[in-house]
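Q: What follows is each chain in one-letter form.
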Amino acid sequence: MQTFEFIRPADPAAAVATAAQAKTAQQGADVRFVAGGTTLLDLMKLNVETPTRLIDVNRLPLDKVEATPDGGLKIGATVRNSDLAHHPTVQRDYSVLSQAILNGASAQLRNMATTAGNLLQRTRCMYFRDTAMPCNKREPGTGCPAITGSNRMLAILGASEHCIATNPSDMCVAMAALEATIHVQGAKGSRAIPMGDFHVLPGSTPNRETVLQPGDLITHVTLPPPIAGSKQIYLKLRDRASYEFALASAAVVITVASGSVTKARFALGGVGTKPWRSPEAEAALVGEPANAANFRKSAEAAMRHAKAQSENGFKIELAKRCLTHALQMAMTA
Amino acid sequence: MSSSKWTRRDFLETSLKTGAVVAAVPAALQGQNSKEDAVATAGPNIAGAVPITLRINGTDRQLRVDPRTTLLDCLRETVALTGTKKGCDHGQCGACTVHVNGRRVNSCLSLALMHDREEITTIEGLGAPDALHPMQAAFVARDGYQCGYCTSGQIMSAVALLREPCGPDDAAVKELMSGNICRCGAYANIVAAIQQVRKSA
Numbered sequence: 001m002q003t004f005e006f007i008r009p010a011d012p013a014a015a016v017a018t019a020a021q022a023k024t025a026q027q028g029a030d031v032r033f034v035a036g037g038t039t040l041l042d043l044m045k046l047n048v049e050t051p052t053r054l055i056d057v058n059r060l061p062l063d064k065v066e067a068t069p070d071g072g073l074k075i076g077a078t079v080r081n082s083d084l085a086h087h088p089t090v091q092r093d094y095s096v097l098s099q100a101i102l103n104g105a106s107a108q109l110r111n112m113a114t115t116a117g118n119l120l121q122r123t124r125c126m127y128f129r130d131t132a133m134p135c136n137k138r139e140p141g142t143g144c145p146a147i148t149g150s151n152r153m154l155a156i157l158g159a160s161e162h163c164i165a166t167n168p169s170d171m172c173v174a175m176a177a178l179e180a181t182i183h184v185q186g187a188k189g190s191r192a193i194p195m196g197d198f199h200v201l202p203g204s205t206p207n208r209e210t211v212l213q214p215g216d217l218i219t220h221v222t223l224p225p226p227i228a229g230s231k232q233i234y235l236k237l238r239d240r241a242s243y244e245f246a247l248a249s250a251a252v253v254i255t256v257a258s259g260s261v262t263k264a265r266f267a268l269g270g271v272g273t274k275p276w277r278s279p280e281a282e283a284a285l286v287g288e289p290a291n292a293a294n295f296r297k298s299a300e301a302a303m304r305h306a307k308a309q310s311e312n313g314f315k316i317e318l319a320k321r322c323l324t325h326a327l328q329m330a331m332t333a
Numbered sequence: 001m002s003s004s005k006w007t008r009r010d011f012l013e014t015s016l017k018t019g020a021v022v023a024a025v026p027a028a029l030q031g032q033n034s035k036e037d038a039v040a041t042a043g044p045n046i047a048g049a050v051p052i053t054l055r056i057n058g059t060d061r062q063l064r065v066d067p068r069t070t071l072l073d074c075l076r077e078t079v080a081l082t083g084t085k086k087g088c089d090h091g092q093c094g095a096c097t098v099h100v101n102g103r104r105v106n107s108c109l110s111l112a113l114m115h116d117r118e119e120i121t122t123i124e125g126l127g128a129p130d131a132l133h134p135m136q137a138a139f140v141a142r143d144g145y146q147c148g149y150c151t152s153g154q155i156m157s158a159v160a161l162l163r164e165p166c167g168p169d170d171a172a173v174k175e176l177m178s179g180n181i182c183r184c185g186a187y188a189n190i191v192a193a194i195q196q197v198r199k200s201a
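Residue numbers (this note's numbering), protein chains in the order written: chain Z, 1 to 333; chain S, 1 to 201.
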């Protein structure tokens, strides 16, 4: 592991000022915030991450879950995943978020991982994690060996000829379906970033994963007021029953009146280079009778642009069934 | 068993007492980060080492560690508490499970520095051979181990589980213990031991 200077800032402004000196906030960052450390230390041990300065944000006052004036929820950046999942308001009004978090990782990791850290979770692609391998995300221009190599766990949506790495987070899929907003304090002030705009597609710059700039510190996430009467399900399909990443997952939030879908928000995990919303699939469902056939039609719309890699074509059908099944489960939730 | 037999445990304890360096910062980096090169008051004298205080099993320990030292390596190497095991060193097996402020964590994926002034509980702090923690006693009674390598992590994880929301049935326990892997496959007895403690509480 590359050695580093360990800094404990007195307040968020000090954290931002130090981090603003970084050359980048993306892959290769020389200055990193550390919260739970579950992704960062994992990658530092592999020398995929090599910061020379670590800014410990664990003792900043960013660890509360509070109601917002508009009836929504404000989730501090350093709230532990387990605390968030077990929070009574989250379980009552944003159940898909609690379900998603509890479907991820292990109990130990959920006790360490934080809201902001989970938003910034890195791909599990084996080539990215191995510095002996070429990787456009780690070293732009070196190539993507996954495309012609082992890609069973990788993406069928949002990929490019430069990178097919999946976003592995469960929490992010629920946050996408709930239309969360990410609040950032940066060198030039504060701003609010819609969840859908936070992660970027790999395109020709897979080393860039989010819109964050040097100095940007996620301070909290807000959720809009809960959709009254919504049915929420997170369904995760994977090789093991627990403690395993998704092959395909779906977070659904729907409301039904007189047997027809009145509101539909869903996001897919395990299949995209970022948490995957499909506005066309959601629109296709609204106004339609809430039955298996229409759920399936919507799922097919969501996967219309899916592109199989050499080893993961099964994910296309799996994701359709996952979303269809999640919607059916939601009906009885 | 011969009383003069020199065990690996004896070697480790002696090495640490004589201050043998167990982690070295490369010479090229020594000048880069060290704020002072003062001799350590406790622990090996390593250039670039940072002072921290960890409250381990109820006792404050003043330490100096290389910043890269994980909580796991600090416990095993700096403080010589080798009950916590290193399985995968990447948060995937749970053998390194300890409690920080009462909550179970993977000590391999955390830096010692991050826990300055925090309470750490290891397996050594849970009970003693003549005063077993009820979970330890249950593991013995139910034969919840074979080689024993995952066992300290399993027990630390299970004890913390007692304080977490968990459904009553075996499936719920298995789900919440999924972060602790056992290569010997002692799972059935591990779950039985945990359920025994839960039901007797």
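A portion of the hints provided could be inaccurate.
To be verified - Only pairs whose alpha carbons sit at most 30 Å apart, straight line, appear in this in silico DSS-like list of lysine-lysine:
#1 Z:Lys-307 to Z:Lys-188
#2 S:Lys-86 to Z:Lys-45
#3 Z:Lys-263 to Z:Lys-297
#4 S:Lys-174 to Z:Lys-231
Hints are computed from structural coordinates only; laboratory data are not their basis.
Q: Indicate, hint by hint, whether the structure satisfies it.
A: Status of the hints after comparison with the structure:
| no. | hint | verdict |
| --- | --- | --- |
| 1 | Z:Lys-307 to Z:Lys-188 | violated (40 Å) |
| 2 | S:Lys-86 to Z:Lys-45 | holds (14 Å) |
| 3 | Z:Lys-263 to Z:Lys-297 | holds (16 Å) |
| 4 | S:Lys-174 to Z:Lys-231 | holds (27 Å) |
In the structure shown, a violation is registered for the earlier hint numbered 1 alone.
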